[in-house]
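Let chain A serve as the given structure and place chain B on it in line with the hints.
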Amino acid sequence: MKKQEYIEYVEDRAKKSPIVKNCICAFSIGGLICIIGQIFLDLYSFWGLEKQDASTLASISLIFLTALLTGIGVFDNIARVAGAGTLVPITGFANAISSQAIDTKSEGYVLGVGAKMFTIAGPVLVFSTISGVLYGVIYYICTVIWG
Amino acid sequence: MEIALKYLIVFLVGGTFSFIAQVVIDKTKVTPARVLVTYVCVGVFLSAIGVYTPLKEFANAGASVPLTGFGSLIAEGVRRAVDERGLIGALTGVFSLTSGGIAAAIVFGFLASLIFSSKPKR
Chain A
0 MKKQEYIEYV EDRAKKSPIV KNCICAFSIG GLICIIGQIF LDLYSFWGLE KQDASTLASI
60 SLIFLTALLT GIGVFDNIAR VAGAGTLVPI TGFANAISSQ AIDTKSEGYV LGVGAKMFTI
120 AGPVLVFSTI SGVLYGVIYY ICTVIWG
Chain B
0 MEIALKYLIV FLVGGTFSFI AQVVIDKTKV TPARVLVTYV CVGVFLSAIG VYTPLKEFAN
60 AGASVPLTGF GSLIAEGVRR AVDERGLIGA LTGVFSLTSG GIAAAIVFGF LASLIFSSKP
120 KR
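Chains as they are written, first to last, in numbering that gives the first Met the number 0: chain A, 0 to 146; chain B, 0 to 121.
One chain only, chain A, in its complex shape (with noise of 0.2 Å):
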């Protein structure tokens, strides 16, 4: 292998690692957290609820786990490793919501913590909402046609 060759190889090595890495993490603790929850959801389903019920509550439970690791200060440590792991299941949504609501509060509970709370979940709530409208909207159209 000439000099030149080496060099390219380990830029490219170096290049590509991070982003390996990155994805490895990201998929395992990712595949993890969904695994907490399905522990939740057969645990609330072996306690009697409802199989919606069981499912709302082991989405609550995960995010209530989150806003306490939020808190703590030991969410941002994993999510620094994870990347999109904890990004993707609801705990990215309720982190999102809890480490704003904590770094606000300096500006106050009606400015500062009730409306920066929504800065990362308001644009998820808005267009979530949208399709959701645009989507009813549809489908009521073709029950009307098909019936």
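Among the clues, some could well be false.
[To be verified] Pairs of lysine to aspartate or glutamate, EDC-like flavour, derived with a Cα cap of 20 Å:
(1) A:2 <-> A:49
(2) A:115 <-> A:75
(3) A:50 <-> B:25
(4) B:55 <-> A:52
(5) B:55 <-> A:41
Honestly, the hints are just simulated from the structure, not real lab data.
Just so you know, these numbers come straight off a predicted model, no measurement behind them.
Below, chain B alone, put in the same frame as chain A:
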């Protein structure tokens, strides 16, 4: 054995959703906020075309815990409400199944702000 397989599927499907987002973030420098918005909208769309409900039956929490699952709950709530009440259901159904999660995130976020103070960023 069946339980092990079920949990393996949860892990693989849930992991794949995160994996795709990580590739998108690393390759395109899209901000995390946009990823969240996109995922929820994709969830609504996949549920609308009838793909997501079978996926949820197959992968359980692997499909319901990622934010696409949140989107699919919105679509499901809307569909049920339109079936029951007609066009107004398009508005009333949006949060019928998701309000539990949203309210929890707001309440726990608020409680966290009462109890905890922000740590200095490292």
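Consistency of the hints with the structure:
1. A:2 <-> A:49: 66 Å, violated
2. A:115 <-> A:75: 18 Å, holds
3. A:50 <-> B:25: 36 Å, violated
4. B:55 <-> A:52: 15 Å, holds
5. B:55 <-> A:41: 14 Å, holds
Checked against the numbered hints given earlier, this structure breaks hints 1, 3; the rest are met.
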